[in-house]
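Could you put the whole structure together from the sequences, leaning on the hints where they help?
The lines below spell out each chain.
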Amino acid sequence: MKHIQTVIIGAGQAGLAMSKCLSERSVAHVVIERGEIANSWATERWDSLKLLTPNWQSRLPGHCYTGTDPDGYMSMPEINDYLRDYAHAIAAPVEDRTNVNCVTVEGFGYRVSTDCGDWICDHVIFANGACGQAYVPALAEELPQHLTQLTPQSYKSPDQIPHGGVLVVGASASGTQIAAKLLASGHDVMLSAGAHIRVPRSHRGRDIQWWMDRTGVLDTHISEVDDPLRARKVPSLQLVGDANLPFLDLNLLQDRGATVTGRLVGLQNGVAQFSGSLANHCVLSDLKMRRLLGSFDVWAEAQGLEGLPAAQNHGPTVVPTHPPLLLDLAKGRIKTVIWATGYRPDFSFARLPIFDQKGALRHKDGVVGPGLYVLGLPFQIRRKSALIDGVGQDAEDMANHLVRHQRTKAA
Amino acid sequence: MTIQTEIKASNGVNTEALMGAREAFAQAPEAAAFTFRSTCSWVTGTQSRNDINGFFGLGQEHTRHENFTISSDHPTVFAAADTAPTPPEIVLSALASCLTGGVASVAQHRGIQLNSVKAHVAGDVDVRGILGMDPDIRNGFGSVRVRFEIDADASEDDIRALVAQSQKRSAVFDLLTNPTNVHVDLA
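Protein sequence lines correspond, in order, to chains X and D.
For reference, each letter of the first sequence is one residue, going 78 to 488 in the numbering used here.
For reference, each letter of the second sequence is one residue, going 2 to 188 in the numbering used here.
To be clear, the hints were calculated from the coordinates, so they are not data collected in a lab.
Quantities reported herein were computed from a predicted structural model and do not represent experimental measurements.
You may find that some hints are simply not true.
As the list claims (entries may be wrong) - Label pairs and their calculated CB-CB ranges: (1) F35(D) - A119(X): 45 to 55 Å; (2) N321(X) - E157(D): 51 to 61 Å; (3) D303(X) - T36(D): 44 to 54 Å; (4) L382(X) - R111(D): 24 to 34 Å; (5) D152(D) - T145(X): 20 to 30 Å.
For every residue, glycine included, the Cβ atom is placed at its ideal position computed from N, Cα and C.
Structure below.
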C-alpha cells in the first residue's frame, strides 16, 4: 500500500494533460494506465481511422504539433506517437499495465485498488475517457443468432465482415465512416440514421475546425447554453479526417450505393422496425448546418476577413421517397449489424455514490465530489472538453480547483 | 458568445409555465407520468362516439369542466351514414393539431410572432388492405404528407426550423412514425 496526493486514472490526452498541470503545481501524483500510453487509440479504434481534427488542433498544456503537415489528420499510430512523445516530454509518472479494480472512500480521501497494489490518496481524477464502452441498445440481445454484431471498438476493417449485407446503425462520425469504408470494399450497406449533424470538411477554403476554433464556437461554456443535458448529448459531426472528401453525408453514402432509412426503433420476430422520421432529421441537420456556416460568415464579415472564396450552396440532403420501415433480419440480405450508436464512459470501478438514477456520473463542471474529478467528457465545461485540443484548458481548471481544495482542507 | 433575445412575440402560449414544468419534472419525474383516456360507445352502423374528460397526471386524477365528444363514421361511398369523419381522418387531424400546437409553442419560446398557420394533411390508404384483399397491402396509411402555410415575422429558415422542431417534440408524430405496443382486451 502506497500513499500519494493524487491518482490519475488513464494515460491518454486527458490524464497526461492533468499530469502536466499537477507537476507545474508541485502536486505529487501517479498516472495509472491499464495498457500502455494512449491505449484506447491503439487498441479500440478501427485501422483506417484518422483524427477528425487537423494536426495543428492537438494543443496540450506545454505541447503542440511541430511536424510538416499542420493541416493533415493523424492516423492512429501517429496520435499514439504524439501522446507518447508528450508523456516523455513532461516526464509523466505513468504506471502502465496496471488495472484499477476499484475506487473507494478511505478516511478523508480515497483508496485506489489495482492489480499491482493499492494507493491511498487525497484526490482521484477519472481521465479514462468518454468512449470507454461502445453503447449498444438493449434490443441487440434479441437479434437473430446468426448475425455477426460489431461495434466501432470491435470493428477493425472490412476484411472482418462476412459476405453479405451490413446494417450500420447510427449516422454520426463512426457510422458514416464505417459505412463508406464498407461500400468502397463492395459490401451492401443499409444505414439507419436518427439525429445527425451534416457539415462540410471545409468552408470557404478553411477546414471546418478552423472556423469552429477561431469563431469561439468550441470555447462556448456550458453555462452559456440553454439546455446543458442536450448539449452534452449532441452527436459527433459527420466528418472524416480526409481533406479530399468534401462531405461524408447521407447524400454521398446514397450515391455510393447505401440504402438510408430512419432510426432503428424496434424489433419484432426478427423484423427490424425503423422510424418514419428520417425526412425531419435530414431537415433539422440541413438547417443546423446552414445556421452554423451562416454564423461563420457573419463572424468573417465582422472580422473584416478578406480574400475568402464565396460560400457554396450545398443543397439539401436527398431523402429517399420510401425509406424501408421494416427489414427482416431473420432471413434476407443482412448478415452483420454494426452498432455505431455512441459511446459511454466506464466508471464502473468507482464504488462511490456518484451516479444518478440513469447510471450517469454526476458532476458540476468536472467536480464529482471532494477531491474527486473527471476529465474529457463531452461539453463537460466547454464545447471542446472532449477534444484533444480542449482537455488541456479543463485540466488547468481542475488543477487549480484541486490546489484550492487542498488549501481549504489544510486550513 | 451569448445572445439575449427579448421575447416580444404573443402567440398565446405560456412557455414560462412549460419551462417551469420541465424543472419540476426533473425534480419529481414520477409526476410526469400521465394517462389519457377516451370512452367510445357504439351508436349504430359504423357510427360511434367518444367521450373524453378525465385524465391522470401530476400524481392525481383530473376532471375537466366540460365533456368533450369526438364522433366518427364512414362515408356514403362505403354504404354508411356519413355522420362524422372516419377514424383515419381523426388521426390526420390529431397529427395536424399536434404539429400546429407545437409550432405555436416553439415560436413563442423562440420569440417569433405568428400571424397565421395552416396545416394541410393528407394520408394515402389503399382500402384493399382493410377489406382483406391482399396481405401485402397494409391497413394504415402508406404515407402521410403535411404541408404548412405559415405567415410569421421570421426568416424562411427560422420558419422551417419551427416546423422541424415541432415534429421532433410531437406526440402524434412519434405515434405515427414509431411502433407502439397496443393491448386490447375484454372488460
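Does the beta carbon distance between D152(D) and T145(X) stay inside 20 to 30 Å, or does it fall outside?
With a Cβ separation near 57 Å, D152(D) and T145(X) fall outside 20 to 30 Å, so the hint is violated.
Q.
For the hint 45 to 55 Å, verify it against the beta carbon of F35(D) and that of A119(X).
A. holds, 49 Å
Next on the checklist: Holds or violated: the 44 to 54 Å window for the beta-carbon distance between D303(X) and T36(D)?
Outcome noted: This hint is violated: roughly 30 Å between Cβ atoms.
Could one say that the CB atoms of L382(X) and R111(D) fall in the range 24 to 34 Å?
holds, 29 Å
Quiz item: Are N321(X) and E157(D) spaced within 51 to 61 Å by their CB atoms?
Solution: Violated, at about 33 Å.
Hints 2, 3, 5, counting from the list given before, are not met by this structure.
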